[in-house]
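K.L.:
Listed below, chain by chain, are the residues.
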Amino acid sequence: MIGLEEQVTTYILYAIPIYMIAFSLYIVRALKGPTIPDIVLAIDALTYDLAAFLVILSIFFRSPILIATAIVLALWVYSLDIYVAKYLEARELGE
Amino acid sequence: MSPETLILGILGFLGLVSVIATFLAIMERDLLRAVLFSAIQSTVYAFIYYLLMAPDIVLVYIPVAVGLYPAIVLFLIKKTERYEGESGENH
Amino acid sequence: MGFDYILVIIGEVLIAIGIFCDLVASIGMLRFPNFYVRLHAATLGTIGGAVVPLIGAALVAAGSDFLGTYRWFMAGGAVITAILVLMLAPAGSHALARAAHRSGAAKVFPKIADHLEEDRGGMK
Chain P
1 MIGLEEQVTT
11 YILYAIPIYM
21 IAFSLYIVRA
31 LKGPTIPDIV
41 LAIDALTYDL
51 AAFLVILSIF
61 FRSPILIATA
71 IVLALWVYSL
81 DIYVAKYLEA
91 RELGE
Chain X
1001 MSPETLILGI
1011 LGFLGLVSVI
1021 ATFLAIMERD
1031 LLRAVLFSAI
1041 QSTVYAFIYY
1051 LLMAPDIVLV
1061 YIPVAVGLYP
1071 AIVLFLIKKT
1081 ERYEGESGEN
1091 H
Chain R
2001 MGFDYILVII
2011 GEVLIAIGIF
2021 CDLVASIGML
2031 RFPNFYVRLH
2041 AATLGTIGGA
2051 VVPLIGAALV
2061 AAGSDFLGTY
2071 RWFMAGGAVI
2081 TAILVLMLAP
2091 AGSHALARAA
2101 HRSGAAKVFP
2111 KIADHLEEDR
2121 GGMK
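Residue numbers (the numbering used here), protein chains in the order written: chain P, 1 to 95; chain X, 1001 to 1091; chain R, 2001 to 2124.
No lab work stands behind these hints, which were simulated from the structure alone.
A portion of the hints provided could be inaccurate.
With a cut-off of at most 25 Å between alpha-carbon atoms, the simulated SDA-like pairs for lysine to any residue come out as follows [claimed, not checked]:
id, chain 1, residue 1, chain 2, residue 2
1, R, Lys2111, R, His2101
2, R, Lys2111, P, Thr35
3, P, Lys86, X, Leu1006
4, P, Lys32, R, Ser2103
5, P, Lys86, R, Ile2027
6, P, Lys32, X, Glu1028
7, X, Lys1078, P, Pro34
8, P, Lys86, R, Phe2020
9, P, Lys32, R, Leu2039
10, P, Lys32, X, Ala1065
11, P, Lys86, X, Glu1028
12, X, Lys1078, P, Ala90
13, R, Lys2107, X, Ala1065
Residues on chain X that point at chain P, a partial pick, calculated with CB under 8 Å [unchecked claim]:
id, residue
14, Pro1003
15, Gly1012
16, Ile1040
17, Ile1048
18, Leu1052
19, Val1066
20, Tyr1069
21, Pro1070
Derived DEER-like restraints, expressed as beta-carbon distance ranges [what the hints assert, rightly or not]:
id, chain 1, residue 1, chain 2, residue 2, range
22, R, Phe2020, X, Glu1004, 45 to 55 Å
23, X, Glu1084, R, Trp2072, 21 to 31 Å
24, R, Gly2121, X, Ile1007, 49 to 59 Å
25, X, Met1053, R, His2115, 45 to 55 Å
26, P, Thr10, R, Gly2104, 48 to 58 Å
27, X, Glu1004, R, Thr2069, 23 to 33 Å
28, R, Val2108, X, Ile1026, 27 to 37 Å
29, R, Phe2109, P, Arg91, 17 to 27 Å
We treat Cβ as the ideally placed atom computed from N, Cα and C, and that holds for glycine.
Isolated chain P, as found in the complex (with noise of 0.2 Å):
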């Protein structure tokens, strides 16, 4: 029987590259994204899974201290939909 410790640092090793996948996809949309609202829906969902991988993560590395960063990752990638839609949206409105 394999010990807990080792079943949880190996599966979360193989994890890894298939999410690195998935991150480089992402962010081939968002460098060549035809149009401005592209390039902010792919960003949006990279971060947002980072924030996931990055949570991920601190159970690989075991140190606590490194969750505060997914929240505030999480937080403050919410502002920068809001700006690029005010813009349009104030663009179209004619301010």
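Fit chains X and R to the known structure of chain P by using the hints.
P.N.:
Same frame as chain P, now just chains X and R:
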């Protein structure tokens, strides 16, 4: 594959992505797209600081580079003009 | 021993579901034709790919006792992040889609019908 090799490979990939994003942000004529490329670069840098085990720098860097800097630059673009070199032309 | 194992196994299954949703959402984000179709991929990527593995990570952190006493702090932080993403991601993408349609920044290119644009009165 050992975990240290994997983490170093991820760091190299993220550095490459940040270089590409910075290059596109410099060469772009549309300033709004340049701000968004800069946001990609900030997110990647936050992840790099996380992997280098500096969570205090991440906690300072994310509000400045993802939150406040695009807000200020978007406000300035809204007050002036969106495309670079637009007023230099004769129209 | 047994209860911890059950928590960790359930958490790992949830993380596996999240990884699958994340990969499918990234492929869809790369290959879908326009912005309004990519919103579906973004929803799958944020709810299925971020909230579900965050709950799973909370269960794994609560069940693995090699992390010490601070594992409850990690589990609580993961649950709070999951609740925040569950509230913020639909609000953000909804605001972005509304602004994109009103300002005409993203065209509906393979268009069958666009009733919202007709209701708002007119072609741009």
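K.L.:
All hints, please: hold or fail.
P.N.:
A quick look at each hint next to the structure:
1. Only pairs whose Cα atoms come within 25 Å are accepted, and Lys2111(R) paired with His2101(R) is accepted, the gap being roughly 14 Å.
2. For the proposed pair Lys2111(R) and Thr35(P), the alpha carbon gap of about 17 Å is at most 25 Å, so the pair holds.
3. Proposed proximity of Lys86(P) and Leu1006(X) is contradicted: the alpha carbons are some 40 Å apart, above 25 Å.
4. Taking the CA atoms of Lys32(P) and Ser2103(R), the gap is about 21 Å. The hint holds against a cut of 25 Å.
5. A distance of roughly 29 Å separates the Cα atoms of Lys86(P) and Ile2027(R); the hinted pair therefore is violated under the 25 Å criterion.
6. Between Lys32(P) and Glu1028(X) the CA atoms are separated by roughly 12 Å; this keeps the pair inside 25 Å, and the hint holds.
7. For the suggested pair Lys1078(X) and Pro34(P), the alpha carbons sit about 21 Å apart, so the restraint of at most 25 Å is met.
8. Simply put, Lys86(P) and Phe2020(R) have alpha-carbon atoms about 33 Å apart, too far for the 25 Å limit, and the pair is violated.
9. The hinted pair formed by Lys32(P) and Leu2039(R) meets the criterion: a straight-line CA distance of about 17 Å does not exceed 25 Å.
10. Among the hinted pairs, Lys32(P) with Ala1065(X) is consistent with the structure: their alpha-carbon atoms are about 22 Å apart, no more than 25 Å.
11. Distance restraint check for Lys86(P) and Glu1028(X): the Cα-Cα separation of roughly 22 Å lies within the 25 Å cut-off, and the hinted pair is therefore satisfied.
12. Between Lys1078(X) and Ala90(P) the alpha-carbon distance is near 9 Å, which keeps this suggested pair within the 25 Å criterion.
13. Of the pairs offered as hints, the one joining Lys2107(R) and Ala1065(X) is violated, with about 30 Å between alpha carbons and a cut-off of 25 Å exceeded.
14. Interface restraint check for Pro1003(X): the shortest CB-CB distance to chain P comes to about 6 Å, inside 8 Å, so the restraint holds.
15. Checking Gly1012(X) against chain P by beta carbon gives a least distance of about 11 Å; that is not within 8 Å, so the hint is violated.
16. A least Cβ separation of about 6 Å between Ile1040(X) and chain P falls short of the 8 Å threshold, and the interface hint therefore holds.
17. Taking 8 Å as the C-beta contact cut-off toward chain P, the hint placing Ile1048(X) at the interface is violated, the least distance being around 12 Å.
18. Hint on Leu1052(X) is violated. Least Cβ distance to chain P is approximately 12 Å, over the 8 Å limit.
19. Look at Val1066(X): its Cβ gets to within about 5 Å of chain P, closer than 8 Å, so that hint holds up.
20. Restraint check, Tyr1069(X) versus chain P: the minimum CB separation of about 10 Å is more than 8 Å; hint violated.
21. Interface hint status for Pro1070(X): upheld, as the beta-carbon distance to the closest one in chain P is roughly 6 Å, under 8 Å.
22. In this structure the supplied range 45 to 55 Å is violated for Phe2020(R) paired with Glu1004(X), their Cβ-Cβ distance being about 28 Å.
23. The beta-carbon spacing between Glu1084(X) and Trp2072(R), approximately 52 Å, falls outside the hinted interval of 21 to 31 Å.
24. Taking the beta carbon of each, Gly2121(R) and Ile1007(X) are about 56 Å apart, inside 49 to 59 Å as hinted.
25. A hinted range of 45 to 55 Å holds for the C-beta pair Met1053(X) and His2115(R), which are about 53 Å apart.
26. Distance hint check for Thr10(P) and Gly2104(R): the Cβ-Cβ separation is about 51 Å, which falls inside the suggested range of 48 to 58 Å.
27. Restraint check, Glu1004(X) to Thr2069(R): a C-beta distance of roughly 28 Å satisfies the suggested window 23 to 33 Å.
28. Restraint check, Val2108(R) to Ile1026(X): a C-beta distance of roughly 32 Å satisfies the suggested window 27 to 37 Å.
29. A beta carbon spacing of about 21 Å between Phe2109(R) and Arg91(P) agrees with the range 17 to 27 Å that was offered as a hint.
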